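**Q** Based on these hints, arrange chain P on the given structure of chain F.
Residue numbers (the working numbering), protein chains in the order written: chain F, 69 to 317; chain P, -6 to 224.
Worth flagging that the hints you see were computed from the coordinates, not collected in a lab.
Source: prediction; values computed, not measured.
Note that CB positions come from ideal geometry on N, CA and C, so glycine has one too.
Please note: incorrect hints may appear among the correct ones.
What the hints assert, rightly or not - Residues from chain P that keep clear of chain F, each with C-beta distances beyond 12 angstroms, as calculated: (1) G44; (2) G111; (3) S151; (4) L191.
Stated by the list, open to error - Some chain P residues near chain F, calculated using beta-carbon distances under 7 angstroms: (5) Q9; (6) Y72; (7) L91; (8) I96; (9) A116; (10) Y123; (11) D209.
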Amino acid sequence: MRTQERPLPDEAELEVPPARVFLVPIAPPVTLGLFGFFASTMIVSTWLLGWWGTPKGSPPTMFEIAAMFGGVAQFASGLWSFRARDYIGSALLTMWGTYWMAWGFLQALAANHTITIPPLSTPQPGFAIWFVPLALFTSWGAIAAIRENVPLFAVLSTVGAGSAFVCGGFWAGSPSWIKLGAWLFVFGACFAWYTGAMVLLEYSWGRVILPFGVIPKLMKLPAAANVPGARISAPFEYALGQPGTRHAP
Amino acid sequence: MVDTTVRRPSRLEGPQARIFLQPVAAPAVLGYFALGSALIIWGSWFASGWGTEKDPSSFIPFLLLFGGVGQLAAALWGYRARAAVAAALHGSWAAFFLGLGLIYLLATTHTIVVPSRGTPWPALGQWLIYMSVVTWTTAFAALPRSPVGFLAQGTLGSGAAIGAAALLLGSSGWEEVAGWLFVAAATFSFYVGAALMLDTVYGKVALPLLRRGAADPIQYERGDPGVKVGQ
Chain F
69 MRTQERPLPD EAELEVPPAR VFLVPIAPPV TLGLFGFFAS TMIVSTWLLG
119 WWGTPKGSPP TMFEIAAMFG GVAQFASGLW SFRARDYIGS ALLTMWGTYW
169 MAWGFLQALA ANHTITIPPL STPQPGFAIW FVPLALFTSW GAIAAIRENV
219 PLFAVLSTVG AGSAFVCGGF WAGSPSWIKL GAWLFVFGAC FAWYTGAMVL
269 LEYSWGRVIL PFGVIPKLMK LPAAANVPGA RISAPFEYAL GQPGTRHAP
Chain P
-6 MVDTTVRRPS RLEGPQARIF LQPVAAPAVL GYFALGSALI IWGSWFASGW
44 GTEKDPSSFI PFLLLFGGVG QLAAALWGYR ARAAVAAALH GSWAAFFLGL
94 GLIYLLATTH TIVVPSRGTP WPALGQWLIY MSVVTWTTAF AALPRSPVGF
144 LAQGTLGSGA AIGAAALLLG SSGWEEVAGW LFVAAATFSF YVGAALMLDT
194 VYGKVALPLL RRGAADPIQY ERGDPGVKVG Q
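The shape of chain P in the complex, shown without the other chains:
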């Protein structure tokens, strides 16, 4: 833990201020794993790679809880981890999968009707436009520190843009392209999540992330969890 004494800007005498830097495990590991898991299931189904129109009723809970709640937890821990990209990216896609899960849940209970694959679905197409804008913004933000993260997010942003066009036009061909791009983004996401985890666990670069420097965390190895790295 590093703390730095800060000069008070005021002339008034008062309590001394210190900046406390508290290390946490990288929330991006959970975030990328949750994002990749949701994308690989929904993307491959969206691409008509498997299943029927009724299958979303089986994978709703996974989309809602893993793609939604799991990613949201990662996003909120991203603030403590000072990971602005992780917070924005995973928070946005957590909300998307929570909402998509709710859509399929309401369709399963016959409250609403969801268009089948290959037919126009303007509302979801519109959503994917804005998800693409947000994802390309976070991708550009990730570029200087995480080139592989940029690759994952760029692929995801492209998939969202093509998915938007596919749903607005009702084109099953473009849906296939978008779905497999989501699967590709999932693959890159798993890679980034695994690399971040293995880097810290092994104490060296296990899977290259094309960024400079290796981690050397401050710890007291005989201390409790939090004081040492791990449990």
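So that you can see chain F by itself, here it is in the shape it has in the complex:
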């Protein structure tokens, strides 16, 4: 049987369905991610610096919360950063989240006596190599953050540099280099808390509480973001609506 060929329609005559761009507001995901990074980085870095605990006695009850807070929670906030259209957050929070989960996995293997983690003075190239990509993508993030605000740049630049020192320290088995990197991580963690709190408080109070550290003309936000009390956002809200239509508690 011969089928009847249908004539090709003229493309210009086709009716094109109208396209709409939907912009859906969400709460800033970066806060939870940076809080997870802050807490996990502080606890491990201060332990490396010998501020508390013992070299062998502490990690077995330390890694679990790090794997969850620095790992799972930070990873989840990184995934939500895609919805926030945040290139730095979606890439870096997710990557650092996977790092903390991987570190927790390593410590779990050690706790189970499947592997042995040597002391800091022993070269560990297999662990040092982790920090090569971490230093690289964190430093690229720092360059991108130059357009955002000084606190975020401070987080990423100190953590990127710290990763490089920690990499060298573990590679060479040099506790001094590891401790130098750990100091940079402590500063990076404090900047991470500041950045997370800065975003959270501005969102919740509807005005700047902690200054954003904006360099005018270089960064995207207006200079008013440096002035506590200034309003720099005007969210769309239906004040009597349910969560989602307004800022919620």
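**A** Chain P alone, transformed into the frame defined by chain F:
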């Protein structure tokens, strides 16, 4: 649902953009209930209010799944609900209870050894320092919109700070104080969760939260769930 047409910043012609506000149930209800449930169990045990050193092996699953997974679900829905405090608070404490549950799970399987109550536990003490810092930050953020939420979080932050000192010093007396503060925080958490739920269900302020305004959600009452409030 409210949508607002947005001007394109570019001169180029393109598809029209709209802002869509999609209402969801308040995730803070689940979050506060899950937080309160985990705190009331762990806090009262931590305060030596009941039980023995072996009891964590019985309440591990509850800590892991309700305090951990339940709160994490609430935190992630907090982003859609535009609830920055709920996302940060419940996400942080979800991670804490997931981690604490794992610690007790590994101790139950004799993989690790956990210090008993009243003896120093520096690692958990250190964690509670940072949980206190994070919780006081979210409490301050909650202050303008949810004074009772501030009370719950402030109590929790204080409990975490005192718990940190207790675990670093190995003081059973301070552990008791911290544990009962966790129970007090749990009570406030249940109150906030219940108030948020009853406000919407009854359509009026049932339990005061000391905030301005009552909810008047947009809905088509004969529609499907999502279009109307509830099922």
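**Q** Could you run down the list of hints and mark each one as holding or not?
**A** To see whether the hints hold, each was checked on the structure:
no., hint, in the structure
1, G44, "holds, 20 angstroms"
2, G111, "holds, 16 angstroms"
3, S151, "holds, 18 angstroms"
4, L191, "holds, 14 angstroms"
5, Q9, "holds, 6 angstroms"
6, Y72, "holds, 5 angstroms"
7, L91, "holds, 4 angstroms"
8, I96, "holds, 5 angstroms"
9, A116, "holds, 4 angstroms"
10, Y123, "holds, 4 angstroms"
11, D209, "holds, 4 angstroms"
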